[in-house]
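Student: Starting from the given sequences, assemble the full structure and let the hints guide the process.
As a plain string of letters, each chain reads:
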Amino acid sequence: MSIISYMEAARQALAEEMRRDKLVWAVGEDLGRGGVFGQYRGLVEEFGPERISDAPISEAAILGASVGAAMMGTRPVVEMRFSDFALCAVDELVNQAAKARFMFGGQTRVPLVVREPIGMWRSSAAQHSQSLESWYAHIPGLVVACPSTPADNKGMLKAAIRCDDPVVYMEHKNLWPLEGEVPEGDHVVPFGVARTVRPGKDITIVSWSAQVHVCARAADVLAGQGIEAELIDLRTLWPWDQQAVLESAARTGRLLVAHEAVQVGGFGAEIAAFVAERLGIKVRRLGAPRAPIGYAPPVEDAVRISETMTVAAVRDMLGK
Amino acid sequence: MSIISYMEAARQALAEEMRRDKLVWAVGEDLGRGGVFGQYRGLVEEFGPERISDAPISEAAILGASVGAAMMGTRPVVEMRFSDFALCAVDELVNQAAKARFMFGGQTRVPLVVREPIGMWRSSAAQHSQSLESWYAHIPGLVVACPSTPADNKGMLKAAIRCDDPVVYMEHKNLWPLEGEVPEGDHVVPFGVARTVRPGKDITIVSWSAQVHVCARAADVLAGQGIEAELIDLRTLWPWDQQAVLESAARTGRLLVAHEAVQVGGFGAEIAAFVAERLGIKVRRLGAPRAPIGYAPPVEDAVRISETMTVAAVRDMLGK
Amino acid sequence: MAPDPHRSNIDIAHLRDRHRLMWRIRALEQAALRGLDDKVVLGAIHPSIGQEAIAAGVVGALRRDDILLSTHRGHGHTLAKGASSEAMLRELLGRVGGNCGGKGGSMHIADFEVGMLGANGVVGANIVIAAGAAHAIKLKREDKIVCCIFGDGAINRGPFLEGLNWAAVFNLPVLFVCEDNGFAATTRTSSMTAGGGPAVRARAIGLQAEEVDGNDVLAVEDTAQAMIAAIRAGGGPRFLHAKTYRLTGHTGVDTAPYRPADEVAARKLEEPILRAAELLLGAGVPEADIAADRAEAEAEMEAAYAAAIAAPFPGPEEAFRDVQDVGSPALGAF
Amino acid sequence: MAPDPHRSNIDIAHLRDRHRLMWRIRALEQAALRGLDDKVVLGAIHPSIGQEAIAAGVVGALRRDDILLSTHRGHGHTLAKGASSEAMLRELLGRVGGNCGGKGGSMHIADFEVGMLGANGVVGANIVIAAGAAHAIKLKREDKIVCCIFGDGAINRGPFLEGLNWAAVFNLPVLFVCEDNGFAATTRTSSMTAGGGPAVRARAIGLQAEEVDGNDVLAVEDTAQAMIAAIRAGGGPRFLHAKTYRLTGHTGVDTAPYRPADEVAARKLEEPILRAAELLLGAGVPEADIAADRAEAEAEMEAAYAAAIAAPFPGPEEAFRDVQDVGSPALGAF
Ligand SMILES: Cc1ncc(C[n+]2csc(CCOP(=O)(O)OP(=O)(O)O)c2C)c(N)n1
Ligand SMILES: Cc1ncc(C[n+]2csc(CCOP(=O)(O)OP(=O)(O)O)c2C)c(N)n1
Ligand SMILES: [Mg+2]
Ligand SMILES: [Mg+2]
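Chains as they are written, first to last, in the numbering used here: chain A, 58 to 377; chain C, 58 to 377; chain H, 718 to 1051; chain B, 718 to 1051.
Source of the hints: derived by calculation from the structure; they are not laboratory data.
Among the hints, a few may not be true.
Straight-line alpha carbon distances no greater than 20 Å define the calculated DMTMM-like cross-link-like pairs of lysine to aspartate or glutamate that follow [to be verified]:
#1 H/K857 <-> A/D78
#2 H/K756 <-> C/E103
#3 C/K79 <-> B/E1015
#4 C/K377 <-> A/E334
#5 A/K79 <-> H/E859
#6 H/K857 <-> A/D221
#7 C/K230 <-> H/D971
#8 B/K855 <-> C/D78
#9 B/K857 <-> C/D358
#10 A/K377 <-> C/E107
#11 A/K79 <-> H/D971
#12 C/K79 <-> B/E859
#13 B/K857 <-> C/E107
#14 B/K855 <-> C/D358
#15 H/K861 <-> A/E334
#16 H/K857 <-> A/E103
#17 B/K756 <-> A/E334
#18 B/K857 <-> C/E103
Keep in mind that this is a model prediction, so the values were computed, not measured.
Tutor: Right under this line is the structure:
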């Protein structure tokens, strides 16, 4: 174990995979200078500008070219900078990358990883703060990963790079500096296996990405109030660990899903509906109101799902 | 009342609104020859090529230019041909149209209507068959309309054109020839008010767009089996008629939501979760499996939500 | 149109070969159109009748291991690249044994065995994908090249700019071919396209570009050949603007009322198969041989069509196959 | 750099006015940067220090009722168009009384009162929006024009092609201005841009295009003036390529280690305010007057900054205002 940041974990994962497999390469704007958040720092020195490739401001070409390069046997890691800019390349991701294997009858695969940093991050406002993970979970052909810890950002990025399906890989911008223990060696986290952050018997809380940390703090508060919440970090939204969630929710009899994304049409709806359909237990979601994200801190904060709101929702579900 | 087709209803709605308001204009590829499905037939003759405007194959410009033109006080009706092609203009719709009013602090409005025909339509395969209404319902700032009848396609298109918010207006390609009664005069259907297609006491079925007709046939079958299903056509997904659905579901004690779109992350999840949260009753969704849409009829049909499946789901929920 | 006098030294055998190929393309599409009438081809069909010289010429200049990407109007390109006519017709009919197992249909026809990476249902989308395919070739230090064919309507979409710039910036082995038939669906592209046209735009983005008579199969092939040689030698991307005319409607059901009959009639006289036949005749090839090329092609497609009709549809389980490995619906994960 | 000898007949009063405006822009951004240090400006800031002549020159050629669209680096354009410096600083600090009520911040600054339709956080996005604004003007038969400013990095995005083609096809009253500072964030744009550059690309799409020294405020203004006159006369869209240099990092926190210090030092000598001052000096304007322009600008921004800091934040209810009318979260509809 060593203690490294979420950003460094991803950097190491990419470097290790690039050493392991010559066909892995990364492409995006400013990568040669380390990327916009520094998550590619030092890599061009080791791998050269062909494999840590700069790109013009051409999101459609960055993603579209990567589809072609993936079909031709390389494994591109595509940097979109902010998930918001990936909206300039949706045809390439949704109509092309996600569907090529199916519509060509299995003649090809599109093994690419699209890194789309998500979330609110110090007054970034409406075009640099979105969390659209539920969109991609709705699209057949795509895998959706939302790591919440340094260990997962290492192990899941490796799994993403090794995956033969196109993976939408959503790091949370607020987590870059987060430090945590990361196992030594070839640490790979399989997709579709949730992580129980904290066991509990009174209620199941499901979350992912940065919101997991808010929920963990809420669970601490609740523990002090005599309520034992079981917290599950979903890690991947597609596939998602239906078994773990069903098992936990059946045991606790209550399910709360919390995410930073807009609640209406968010992936919390999928999980809540899925569990309600099968268990008929109390379900509740906590997601952002259906409003864009504002610049001024109070406006931004007004759409954040806080620890306090999480505590209140749980207490309410328990009739306390 | 006169009996006209779903397509003709939309054509009349546009023509009437263009007569009423000189600032309404339509733009898209091939409009001057009536549009790809004929839904603009005859309009260029009346309104001229400036107001029924052809466009280059430039979806980003068609939608982006309409954002600018809407901010400058005109009311563009934007034709995207197939909702799938609107994926070439997602930045323009989601980062620009949907957010301009908010991020500019209310200084502007973006009154545009984006027509995005959805759904499966005679072997159109993976890039011409998608139903992505849940995406737009997730985006603050957008209104999402999915008319299912000629009357609604007239009244809702009029409402969309008069609306000051950007409206994603999704006609179903299979419905173009559907005939039905349309009220005379200035028939406008308000957004957010569902239509009860058929009253019933045993179960509430919620649906929209072409799927409503499948559900209606299923309800007929069920009636023959002594099961009275209440069928609600949601009409608009944002805003959606929460009151009508809650009232009906509370009364029948069971909710089934059926849509053609992929079930995972579909808008059915939102409704099911919403109702389960509030009523704790049995909820169930019927949506497509998470697979792209294939060309060969059996492959295409395998992901269709049929009348038989609807009947079976209802019977199962009733323990029959 | 009279045979080109500069073509005294043409390779007759080769022209004959192209003539045969053009007839195969046309006969394939005629079978597909018949499939529409017979209600066995269910999805949209975009015929390339009248445009066969571009498929035959450009693809004639490619090696078998070179890569090709096409458009919604891609039957000719696909057949020329070496796909089986029977597999293609099976695909158009949505049957087992189709190139994509019946799951793609006309707009997604592809044959990776022969390096044909797909038609595309989204105009212009393949331009960036092609640039990326060439990017992979460069990274892998292979000597293949990529050829990407698209229509004149596609030059107004963003991927045209982004893909050409990409190919030029990274000096990639790709030949872009604009198959200019004057129309984008029912719209004359000239009415919606500003500036000097495809080649001028390509040059402005730093690509060497040439224009060619797209109804002259030998001219197309010669020009493509020279460009491909330069590309293969590491010269970076090139751009070929080939002018032609779409003799049919946009789709199999479009009667094209938006253009005058005399325009179509005039253009019919310049169509590429006729022109090749005249060259062959002028060079002394007997009329019977020329007719035989057609008859053979028609017989091939007749048989392929019959076989396609006889083939079964894929089963519903195909709806869940090849979606994805992780979280595949085939694995019960939905 | 010596005063341009061809400029013997310059309008001193006017140049003085531009000099003042350029100082106001610089002082505003210096206040914004100080706001970063003071941790009151929270979001990203993209300074245009060294590029002020383009804002001052281009906007100087616009009428107040003309329309302007800008980029993430849009403070100068916005101030030049007539926005209040205090409202702008309030916006950058996310306060009540900001142009967007504190909800947009630097990247979404806009002032519709003065025809400034917004900066944009998405590179290139405003190019198509500007074309559409001009389209509305044409439909409404108004005689305003639209001016759209974007960076040299934006010319590689699809909307550049689509927006310029749109403007040319519909013959719209729009002036596109490429503010070429040589960089896109940390990347030299020359390394990622193929071909002859912005003006060559624009011409290929059918627009008349000119290049201008973007650090020469009078040259920018004169060229823009002539182009705008032609546009207003119905001549259709025009394209201006203005070369400049970004003296700061890409953002307020970027130290720009990716470029040599001597390059920056050399470019500092050519910066537009200095050049305007030298012209003024050469024309006999006393040094004290020139210094006064700066001092006044700094005093204005000092006061505006103080007022902004003193202003309250908007309340959380602003998060739900102006989202939409139908199904607004403000109406409890979530
Ligand atoms: C992005 C996109 N917009 C619109 C369409 C609908 N469409 C299909 S083919 C076509 C015309 C294409 O014209 P061109 O590129 O010249 O090719 P051609 O059909 O002439 O071969 C259009 C508009 C589409 N498939 N994709
Ligand atoms: C579509 C998109 N891609 C990437 C970014 C991130 N980004 C912001 S500014 C910038 C550089 C823009 O360069 P240029 O257009 O030359 O403008 P400049 O910053 O030099 O004024 C980049 C890449 C973005 N905002 N939008
Ligand atoms: Mg064409
Ligand atoms: Mg720049």
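Student: Are the hints correct? Go through all of them and say.
Tutor: How the hints compare with the structure:
For the given pair, H/K857 sits about 12 Å from A/D78 by alpha-carbon distance, which is consistent with the 20 Å threshold. Between H/K756 and C/E103, the direct Cα distance comes to roughly 36 Å. Violation of the 20 Å bound is thereby established for this hinted pair. For the proposed pair C/K79 and B/E1015, the alpha carbon gap of about 48 Å is over 20 Å, so the pair is violated. At roughly 17 Å between alpha-carbon atoms, C/K377 and A/E334 fall within 20 Å of each other, so this suggested pair holds.
For the suggested pair A/K79 and H/E859, the alpha carbons sit about 14 Å apart, so the restraint of at most 20 Å is met. For a cut-off of 20 Å, the pair hint linking H/K857 to A/D221 stands: about 19 Å separates their Cα positions. Taken as a hint, the C/K230 and H/D971 pair is honoured in the structure, with Cα atoms around 18 Å apart against an allowance of 20 Å. Straight-line distance between C-alpha atoms of B/K855 and C/D78 comes to about 17 Å, which keeps the hinted pair within the 20 Å bound.
Proposed proximity of B/K857 and C/D358 is contradicted: the alpha carbons are some 48 Å apart, above 20 Å. Between the alpha carbons of A/K377 and C/E107 the distance comes to roughly 63 Å, so the proposed pair goes past 20 Å and is violated. In summary, the hint linking A/K79 to H/D971 is not supported, as the alpha carbons are separated by about 49 Å, beyond the 20 Å threshold. Distance check on the hinted pair: C/K79 and B/E859 sit about 14 Å apart at the alpha-carbon level, within 20 Å; holds.
A hinted pair counts as satisfied when its Cα atoms are at most 20 Å apart, and B/K857 with C/E107 qualifies at roughly 11 Å. At most 20 Å may separate the alpha-carbon atoms for a hinted pair to count; B/K855 and C/D358 exceed this at roughly 48 Å. Taken as a hint, the H/K861 and A/E334 pair is broken in the structure, with Cα atoms around 53 Å apart against an allowance of 20 Å. Straight-line distance between C-alpha atoms of H/K857 and A/E103 comes to about 18 Å, which keeps the hinted pair within the 20 Å bound.
As the CA atoms of B/K756 and A/E334 are separated by approximately 49 Å, the hinted pair breaks the 20 Å bound. A C-alpha spacing of about 18 Å is found between B/K857 and C/E103, which places the hinted pair at or below 20 Å, so the restraint holds.
Hints 2, 3, 9, 10, 11, 14, 15, 17 from the list above are not met by this structure, while the remaining hints are.
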